[in-house]
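S.K.: For the record, the sequence lines run as chains E and H.
Read left to right, the first sequence gives residues 1 to 403 (this note's numbering).
Read left to right, the second sequence gives residues 1 to 403 (this note's numbering).
Please note that a few of the clues may not be correct.
When chains are identical, the list treats them as one kind, so a pair holds in a single copy or across two.
[To be verified] Taking lysine-lysine pairs in the BS3-like style, the calculated list, with each CA pair at most 27 Å apart, reads: (1) Lys289 with Lys59; (2) Lys21 with Lys259; (3) Lys102 with Lys21; (4) Lys313 with Lys259; (5) Lys21 with Lys171; (6) Lys204 with Lys259; (7) Lys354 with Lys371; (8) Lys295 with Lys403; (9) Lys72 with Lys290; (10) Lys313 with Lys354; (11) Lys172 with Lys313; (12) Lys24 with Lys102; (13) Lys290 with Lys24; (14) Lys354 with Lys91; (15) Lys354 with Lys102; (16) Lys290 with Lys59; (17) Lys172 with Lys9.
Worth flagging that the hints you see were computed from the coordinates, not collected in a lab.
2 protein chains.
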Amino acid sequence: MDFKPTNMKVDFNEFLSSSAKCMKPSAIRALLSVVNQPGVISFAGGFPNPETFPIEDLKTIMMEVLEEEGAKALQYGGTDGNWALREELAKRYVNEGLDIDKDNIIITTASQQAIDLTAKVLLDPGDIVICGLPSYLGALQAFSTYQAKLVGAEKDEELEAVVRAMCLAGKKPKFIYAIPDFQNPTGITMTLEQRQYLVRIARKYDILILEDSPYKEIRFEGEHLPYLYSMAPERTIMLGTFSKTFAPGFRLGWIVAPKEFIHQINLAKQSADLCSPTFDQFVAARYLKKGLFEKNLVGTVEMYRKKRDLMLKSLEEYMPEGVTWTKPDGGLFLLVKLPEWYDARDLFEVALQKNVAFVIGEAFFCDGSGKNTFRVNYSFMDDESIIEGVKRLASAIEDFMRK
Amino acid sequence: MDFKPTNMKVDFNEFLSSSAKCMKPSAIRALLSVVNQPGVISFAGGFPNPETFPIEDLKTIMMEVLEEEGAKALQYGGTDGNWALREELAKRYVNEGLDIDKDNIIITTASQQAIDLTAKVLLDPGDIVICGLPSYLGALQAFSTYQAKLVGAEKDEELEAVVRAMCLAGKKPKFIYAIPDFQNPTGITMTLEQRQYLVRIARKYDILILEDSPYKEIRFEGEHLPYLYSMAPERTIMLGTFSKTFAPGFRLGWIVAPKEFIHQINLAKQSADLCSPTFDQFVAARYLKKGLFEKNLVGTVEMYRKKRDLMLKSLEEYMPEGVTWTKPDGGLFLLVKLPEWYDARDLFEVALQKNVAFVIGEAFFCDGSGKNTFRVNYSFMDDESIIEGVKRLASAIEDFMRK
Chain E
1 MDFKPTNMKV DFNEFLSSSA KCMKPSAIRA LLSVVNQPGV ISFAGGFPNP
51 ETFPIEDLKT IMMEVLEEEG AKALQYGGTD GNWALREELA KRYVNEGLDI
101 DKDNIIITTA SQQAIDLTAK VLLDPGDIVI CGLPSYLGAL QAFSTYQAKL
151 VGAEKDEELE AVVRAMCLAG KKPKFIYAIP DFQNPTGITM TLEQRQYLVR
201 IARKYDILIL EDSPYKEIRF EGEHLPYLYS MAPERTIMLG TFSKTFAPGF
251 RLGWIVAPKE FIHQINLAKQ SADLCSPTFD QFVAARYLKK GLFEKNLVGT
301 VEMYRKKRDL MLKSLEEYMP EGVTWTKPDG GLFLLVKLPE WYDARDLFEV
351 ALQKNVAFVI GEAFFCDGSG KNTFRVNYSF MDDESIIEGV KRLASAIEDF
401 MRK
Chain H
1 MDFKPTNMKV DFNEFLSSSA KCMKPSAIRA LLSVVNQPGV ISFAGGFPNP
51 ETFPIEDLKT IMMEVLEEEG AKALQYGGTD GNWALREELA KRYVNEGLDI
101 DKDNIIITTA SQQAIDLTAK VLLDPGDIVI CGLPSYLGAL QAFSTYQAKL
151 VGAEKDEELE AVVRAMCLAG KKPKFIYAIP DFQNPTGITM TLEQRQYLVR
201 IARKYDILIL EDSPYKEIRF EGEHLPYLYS MAPERTIMLG TFSKTFAPGF
251 RLGWIVAPKE FIHQINLAKQ SADLCSPTFD QFVAARYLKK GLFEKNLVGT
301 VEMYRKKRDL MLKSLEEYMP EGVTWTKPDG GLFLLVKLPE WYDARDLFEV
351 ALQKNVAFVI GEAFFCDGSG KNTFRVNYSF MDDESIIEGV KRLASAIEDF
401 MRK
């Protein structure tokens with residue numbers, strides 16, 4: 001064996017891990033450059049409306065933090081996260097009937113990291129994760145980088161059949177990934193009976209539950225339904241975030257789970273990023289403590305309710321026959337369905353020519369189905385653009401269906 | 001096979017991935033609770049001195065960001081990071097002679113995430129990483145969670161022997177992990193000849209280089225030596241951070257690498273945390289643009305130089321015979337060596353009784369050696385505490401050696 005100096009060109013593909021080979025660009029992220037072109041009305045992102053950002057309150061709070069505790073807020077923090085912030089979050093959950101305290105909570109660099117760390121701690125290559133059909137793309141991606149196998153269960157009746165079959169095949173699923181409230185991408189909410197059924201199956205087969213809960217506070221009508229965590233606290237890992245109700249730019253989320261599991265996440269987080277942004281946590285803790293979170297939330301929910309109404313009304317008014325859509329009671333999204341033989345991927349090109357954009361639904365279906373669907377966001381755009389965007393979309397679909 | 005409801009107790013250990021089983025608590029993080037007790041003089045952390053935090057400048061800048069670009073700074077950002085920040089960072093590197101632009105840079109959630117993502121993208125279980133003896137604990141931990149095998153090379157002559165042997169055994173190392181400037185934990189700097197040798201070996205055997213560079217700007221004396229990146233830009237992945245020179249509480253670091261590799265890291269980061277704190281990036285970009293970073297750095301280097309001098313003088317004055325230590329030209333740390341038959345782990349208990357703390361050196365040696373060493377930080381403590389701390393440490397060592 002002879003070692004000669006190389007020609008100083010490196011092919012990084014030769015060095016990649018098998019995990020890296022499973023990484024695909026997010027359909028959403030990849031779209032953003034196209035979608036952000038001037039003139040395009042984009043229903044593609046999952047962005048909160050910037051008018052909900054409490055800029056004046058933040059000016060006051062940031063000055064206070066720098067003034068009163070700058071030396072701590074700019075320093076390294078504990079891996080578990082800011083004490084006061086976890087205390088405030090725990091209080092809110094206790095008020096909602098959960099039996100937890102601040103040590104059941106670890107702060108993460110937004111809930112995407114919460115998903116990633118949970119996957120890292122639980123998943124070996126080939127492990128099974130049960131997902132909704134459809135389900136949040138960013139979670140599916142994270143599970144894939146740990147080379148998990150994603151198995152979809154579309155209807156409730158399917159869940160037990162799928163889980164039982166997996167168990168009999170010696171591949172007991174590690175966890176069921178669920179977004180019970182106003183899920184991404186459909187905006188649909190699980191009924192109480194559906195929650196009870198999911199918990200029953202998880203217990204019967206001894207499977208964990210990963211409850212992703214970014215939208216629960218954004219309910220427009222109807223009563224809040226119980227967290228899966230409150231129904232099966234022994235096996236549920238619940239994820240929360242400030243990205244939809246405060247400011248995504250702070251990158252703050254959290255995990256609620258049994259303390260034994262929080263400890264394991266803490267170990268994983270030490271080598272992932274040591275701790276989440278300290279300054280942002282100090283700011284968020286004060287924001288909660290002053291009661292500003294609850295106050296601002298009222299306005300956000302009201303704004304998004306109106307935007308949902310406007311979106312539904314516009315769809316009703318302009319969409320051609322044969323097109324259907326979900327009717328969310330909360331959250332940021334709804335899913336539009338074209339007649340079965342149409343592919344939303346082709347529609348995307350036509351829509352872009354008309355300066356309107358969405359996310360193709362297929363990306364959210366781990367089994368490759370959903371080709372005739374696309375996701376629409378109604379939180380980000382101003383009211384005029386919602387109407388105009390739906391008009392353009394309807395016209396694109398008409399052109400597309402005529403072809 | 002019969003499925004019965006479980007007794008509603010869950011043993012999370014039964015669900016853990018093989019990666020999770022490789023996660024151990026950081027010797028540093030585990031110490032922090034003990035070490036932060038009132039009255040204890042701690043040389044254990046790697047904290048910058050809070051007096052270096054530019055609080056007044058930050059007040060101005062944060063108001064400007066909220067005022068002028070709040071809607072963007074509080075929103076989701078691109079996965080690659082803030083455009084202006086990457087532009088400013090690229091400018092600094094170009095001034096130092098590097099041939100890069102902003103697209104050779106991706107912002108990470110501090111350099112710990114940069115290490116983690118690099119490991120995720122490159123390492124499969126059983127892959128070899130060559131590390132210094134000793135080397136940065138947080139990196140060793142991150143590599144371990146991807147189940148890499150860490151192989152130490154203590155002396156320069158060893159490096160080629162080790163690499164060649166590994167290659168002949170069919171296990172070509174994936175990369176060499178190096179901290180060329182004022183490395184953690186010794187504070188020692190690689191000479192130009194050592195850098196040239198490392199690059200030669202990396203090229204000869206076609207191995208990547210991971211250059212971790214958190215301390216380079218903190219040089220007290222002597223001339224800056226070239227980045228490994230500038231010597232082998234085709235195969236070097238370089239990591240930078242604001243944690244030692246600006247504010248660790250913002251959690252901002254970055255990777256400089258060939259664009260092909262930056263693209264791969266971008267994919268990994270999408271599912272790890274989508275993007276790093278947007279607001280903090282807007283603040284950092286302005287801080288750099290206004291020239292405040294360079295200005296503040298002068299004061300930081302001056303402060304740490306004095307503290308290093310004081311630490312060395314105090315060690316000289318109080319340490320019993322047989323104890324030696326490194327003499328760093330920059331950075332935040334030095335490594336103390338006890339006579340060979342002593343174990344710093346036992347000394348730690350004695351020291352704690354005297355209200356002084358350090359980090360045992362063993363944790364930094366991937367081969368389990370270094371039992372008679374410990375790391376001392378001189379950036380965080382005030383001057384009086386440095387003197388008093390070294391006195392206590394000397395008295396602890398005397399007690400310990402007498403036993």
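S.K.: Now tell me if each hint is right for this structure.
M.R.: Verification of the supplied hints:
| no. | hint | result |
| --- | --- | --- |
| 1 | Lys289 with Lys59 | both (16 Å within a copy, 22 Å between copies) |
| 2 | Lys21 with Lys259 | between (34 Å within a copy, 17 Å between copies) |
| 3 | Lys102 with Lys21 | between (38 Å within a copy, 25 Å between copies) |
| 4 | Lys313 with Lys259 | neither (46 Å within a copy, 46 Å between copies) |
| 5 | Lys21 with Lys171 | both (24 Å within a copy, 20 Å between copies) |
| 6 | Lys204 with Lys259 | within (23 Å within a copy, 49 Å between copies) |
| 7 | Lys354 with Lys371 | within (21 Å within a copy, 69 Å between copies) |
| 8 | Lys295 with Lys403 | neither (50 Å within a copy, 64 Å between copies) |
| 9 | Lys72 with Lys290 | both (20 Å within a copy, 24 Å between copies) |
| 10 | Lys313 with Lys354 | within (21 Å within a copy, 73 Å between copies) |
| 11 | Lys172 with Lys313 | neither (45 Å within a copy, 62 Å between copies) |
| 12 | Lys24 with Lys102 | between (36 Å within a copy, 23 Å between copies) |
| 13 | Lys290 with Lys24 | neither (42 Å within a copy, 38 Å between copies) |
| 14 | Lys354 with Lys91 | neither (48 Å within a copy, 39 Å between copies) |
| 15 | Lys354 with Lys102 | neither (50 Å within a copy, 33 Å between copies) |
| 16 | Lys290 with Lys59 | both (14 Å within a copy, 21 Å between copies) |
| 17 | Lys172 with Lys9 | between (45 Å within a copy, 17 Å between copies) |
Hints 4, 8, 11, 13, 14 and 15 from the list above are not met by this structure, while the remaining hints are.
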